[in-house]
Amino acid sequence: MVKVLSGKEVSEQIRDKLREDVKKLSLAPVLAIVQVGGREDSNVYIRMKKNFAESVGVTANHIQLPNTTNENELIRKLDELNKDKSVHGIIVQLPFDSVHPIDANKITNLVAPYKDVDGLSNENAGKLLHGEADGSNSFLPCTPNGCMELIRRSGAQIAGLCGLGANAVVVGRSKIVGSPMAQLLIWNNATVTVCHSKTKNIKEIVQNADILVVAIGQPLLVKKDWIKPGAVVIDCGISSIPDSTKKSGSRLVGDVDYAECKEVAGAITPVPGGVGPMTVAMLISNTVDAAKVALRTQSSHQSWDIEHLKLNKLNPVPSDIAIARSHRCKPIKQLAAEIGLLEDEYEPYGAYKAKITKHIPVFDKNSVRGKYVVVTGITPTPLGEGKSTTVLGLSQALGANLHRNVITCIRQPSQGPTFGIKGGAAGGGYSQVIPMDEFNLHLTGDIHAITAANNLVSAAIDARIFHESTQSDTALFSRIVPSKPGKKRVFSAIQLRRLEKLRIPTNLAPNELSTEQKSAFARLNINPDSITWNRVMDVNDRYLRQITIGEAPTEKGFSRKTQFDISVASELMAILALCDNLGDAKERIGRIVVAYSKDENPVPITCDDLGVTGAVTVLIKDAVKPTLMQSLEGTPVFVHCGPFANIAHGNSSIIADKIALDLVGEKVTECGFGADIGFEKFVNIKSRTSGIFPDCAVLVATVRALKMHGGGPNVTPGATIP
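Every position in the sequence shown, counted from 1, becomes a number in this note's numbering once 1278 is added.
The hints are simulated quantities; they were obtained by calculation from the structure and are not laboratory data. Fair warning: there could be bad hints in the mix.
With a straight-line Cα cutoff of 20 Å, these simulated SDA-like cross-link-like pairs (lysine to any residue) come out [unchecked claim]:
| no. | residue 1 | residue 2 |
| --- | --- | --- |
| 1 | Lys1481 | Arg1430 |
| 2 | Lys1540 | Lys1478 |
| 3 | Lys1959 | Met1986 |
| 4 | Lys1361 | Ser1333 |
| 5 | Lys1355 | Leu1372 |
| 6 | Lys1328 | Gln1342 |
| 7 | Lys1633 | Ala1737 |
| 8 | Lys1478 | Leu1498 |
| 9 | Lys1611 | Asp1583 |
| 10 | Lys1779 | Val1871 |
| 11 | Lys1286 | Ser1399 |
| 12 | Lys1501 | Asp1567 |
| 13 | Lys1355 | Ile1324 |
| 14 | Lys1608 | Val1595 |
| 15 | Lys1588 | Glu1538 |
| 16 | Lys1633 | Leu1305 |
| 17 | Lys1506 | Gly1443 |
| 18 | Lys1453 | Ser1399 |
| 19 | Lys1302 | Gln1496 |
| 20 | Lys1796 | Gly1828 |
| 21 | Lys1834 | Lys1766 |
| 22 | Lys1649 | Ile1324 |
| 23 | Lys1864 | Lys1506 |
| 24 | Lys1876 | Asn1803 |
| 25 | Lys1361 | Glu1616 |
| 26 | Lys1363 | Ile1638 |
| 27 | Lys1570 | Lys1588 |
| 28 | Lys1295 | Lys1281 |
| 29 | Lys1796 | Lys1834 |
| 30 | Lys1611 | Asp1973 |
| 31 | Lys1481 | Gln1496 |
| 32 | Lys1839 | Lys1766 |
| 33 | Lys1864 | Ala1730 |
| 34 | Lys1766 | Ala1730 |
| 35 | Lys1633 | Ala1600 |
| 36 | Lys1766 | Asp1740 |
Label-pair ranges, simulated between beta-carbon atoms [unchecked claim]:
| no. | residue 1 | residue 2 | range |
| --- | --- | --- | --- |
| 37 | Lys1363 | Pro1594 | 44 to 54 Å |
| 38 | Glu1358 | Leu1573 | 56 to 66 Å |
| 39 | Ala1306 | Asn1479 | 47 to 57 Å |
Where a beta carbon is used, it is the ideal one built from N, C-alpha and C, also for glycine.
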């Protein structure tokens, strides 16, 4: 007696299992269904998918674009969904209903492979072709996968056919069903023949099939005398044909004449109710699998599959730069993928560096994160004692030798020390960051951004003093709050904050302020002798340590003494290292005190008062992103910020640390300078600000430093070490 393979019944079993799987997840899987236009048949299919998804706890978002959508607009929408971490699966409903031509193949391949739950992209198809599709690294096409599930669930004898090398025939060669179905059968140990509309003697070929899958789109093509007695028949076709006995005047049939063939077949799928429900079930199953993969990728406990680079050790040991240049770098895209960064979580900056744009996690006492290892050192001699070298060596030992997930977080070196006696700050010997020369020079321009932003504030201070000394209250107010033809004169957000500071009602329009209020608003009355904000540059130039500015005739006699500091001494660098994100940095920048007023009770003047907070923030918007590099042995290194410890807190950024702790098991960072200032400020400032305290501390000491601090002769740059 024939066994009817009910896709409806099997899909219900799958529904129950998926419902339980979703309950065990810590998130709700999200499927995005993208439709262009409003074809009614597409709407029916989408409703089926949404209903099944919602019944198991999967969120299905129907994104219906108008039929005026062109290809570029659709591409932008897919790019947005690819980058949206809350979306785990994406399907594009075909065919498109647009007044513009849209290349379906091109669009299908623009869905990120790890979100392609339809399994139709070239990458997923290629993995299936090579037998590499296992559900964890790719997705199987839904209809063929549903057919295989029906075969597996049809009973031990039928399921065993594949294992015994059964003869399987697939009628149809489409990219959606026929071709992937043949590959699935091959990798399940069947001997497969593919027939299509141009195949001769299809009937004779089909008659030898132990398993027959038909997906050719010709109603009732396969007849009773085509079927081998006892064969498994899977009918993927569905068509509407005229039928005067039906109220509608038509009925749905498959590519197989079900009424005839069920008399011969051992098992057969009906139409409708056979393969159709399975397609939807497998789509949602793929979406749940995609969510599981996303969770595993985000897990800090997952071991990385990382390529560790071999050290080329020489004796005698050559110079640091010679060692660095004798080792190859991995492409930064490879390293980013190895540590679990998605393509939208970093921006390549050349071949061997990248800016990290990954979401910055928020940790609380219940958060799961990596171990926090801090390396500090004895108060150093002018030559440095090797903290950076130890940090890199420790990370390489943990990562490349013990095969633990580890990220090194270190400061970006200033070009002052780099071109001084100390030299590079990329580590040394066989424990270095590479490319070493790029690390020690401009890197990604973060320090240059700090330089420009810092000097913008300096320029604003002196320009404000100049304009206040040469203009009336009315002219000054009009300059700061200009009126524009045809537009209402209003205060900007930063100006409203100044009104609040002055306790002037913020609901007043600019023209409604009194003369006294306008004067108080427009005049900062800066005392030049109280200015604490200096200009900066990233090179040691001793002749700029005290200068006079304003000597040009255009400055009308306003001159003052000031100085240049080194760029990493800027308060902006300290803020960059302590902030949680760009918004936090902006708030901190707005509160920077740059000078005091000439009033009897001096009032602090801030960047907000100068009106430069937004401009400064824009200049450092890319500098807020850590830079990804690598060690000689291929372990990941985050480089970010380099505030001095004698005037700031001397540590790399909180942002880099948080991202690293979210990605790894162990994370090694360093405290700049000696423990007396670097480590003390790490604990008292950085850890208190971030709320994250080290799990382990490593102290670096050298014999030469111990001798010097123990009463021995000083270590002097350029002289023989005593």
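Here's how the hints hold up against the structure:
1. Lys1481 x Arg1430: 26 Å, violated
2. Lys1540 x Lys1478: 25 Å, violated
3. Lys1959 x Met1986: 24 Å, violated
4. Lys1361 x Ser1333: 26 Å, violated
5. Lys1355 x Leu1372: 16 Å, holds
6. Lys1328 x Gln1342: Given pair Lys1328, Gln1342 holds - Cα atoms ~13 Å apart, limit 20 Å.
7. Lys1633 x Ala1737: At roughly 29 Å apart (the allowed maximum being 20 Å), Ala1737 and Lys1633 break the hint.
8. Lys1478 x Leu1498: Judged against 20 Å, a Cα distance of about 18 Å means the pair holds.
9. Lys1611 x Asp1583: 14 Å, holds
10. Lys1779 x Val1871: Answer holds: Lys1779 to Val1871 is near 14 Å, not above 20 Å.
11. Lys1286 x Ser1399: 27 Å, violated
12. Lys1501 x Asp1567: 38 Å, violated
13. Lys1355 x Ile1324: 18 Å, holds
14. Lys1608 x Val1595: 23 Å, violated
15. Lys1588 x Glu1538: 67 Å, violated
16. Lys1633 x Leu1305: Answer violated: Lys1633 to Leu1305 is near 28 Å, above 20 Å.
17. Lys1506 x Gly1443: 16 Å, holds
18. Lys1453 x Ser1399: 10 Å, holds
19. Lys1302 x Gln1496: 43 Å, violated
20. Lys1796 x Gly1828: Judged against 20 Å, a Cα distance of about 28 Å means the pair is violated.
21. Lys1834 x Lys1766: 35 Å, violated
22. Lys1649 x Ile1324: With a Cα-Cα distance of about 46 Å, the restraint between Lys1649 and Ile1324 is violated, given a limit of 20 Å.
23. Lys1864 x Lys1506: 75 Å, violated
24. Lys1876 x Asn1803: 6 Å, holds
25. Lys1361 x Glu1616: Given that 20 Å is the threshold and the Cα spacing comes to 18 Å, the pair holds.
26. Lys1363 x Ile1638: 13 Å, holds
27. Lys1570 x Lys1588: Distance of about 34 Å is beyond 20 Å: violated.
28. Lys1295 x Lys1281: Violated. Lys1295 to Lys1281 sits at ~23 Å, over the 20 Å cutoff.
29. Lys1796 x Lys1834: Not satisfied, since the Cα-Cα distance of roughly 25 Å exceeds 20 Å.
30. Lys1611 x Asp1973: Distance of about 31 Å is beyond 20 Å: violated.
31. Lys1481 x Gln1496: 14 Å, holds
32. Lys1839 x Lys1766: 42 Å, violated
33. Lys1864 x Ala1730: 16 Å, holds
34. Lys1766 x Ala1730: 33 Å, violated
35. Lys1633 x Ala1600: Measuring from Cα to Cα gives roughly 27 Å; hence the hint is violated.
36. Lys1766 x Asp1740: 30 Å, violated
37. Lys1363 x Pro1594: 44 to 54 Å: 50 Å, holds
38. Glu1358 x Leu1573: 56 to 66 Å: Roughly 22 Å apart at Cβ, these two residues miss the hinted range, so it is violated.
39. Ala1306 x Asn1479: 47 to 57 Å: 52 Å, holds
Going down the numbered hints, you'll see the structure goes against 1, 2, 3, 4, 7, 11, 12, 14, 15, 16, 19, 20, 21, 22, 23, 27, 28, 29, 30, 32, 34, 35, 36 and 38, while the others check out.
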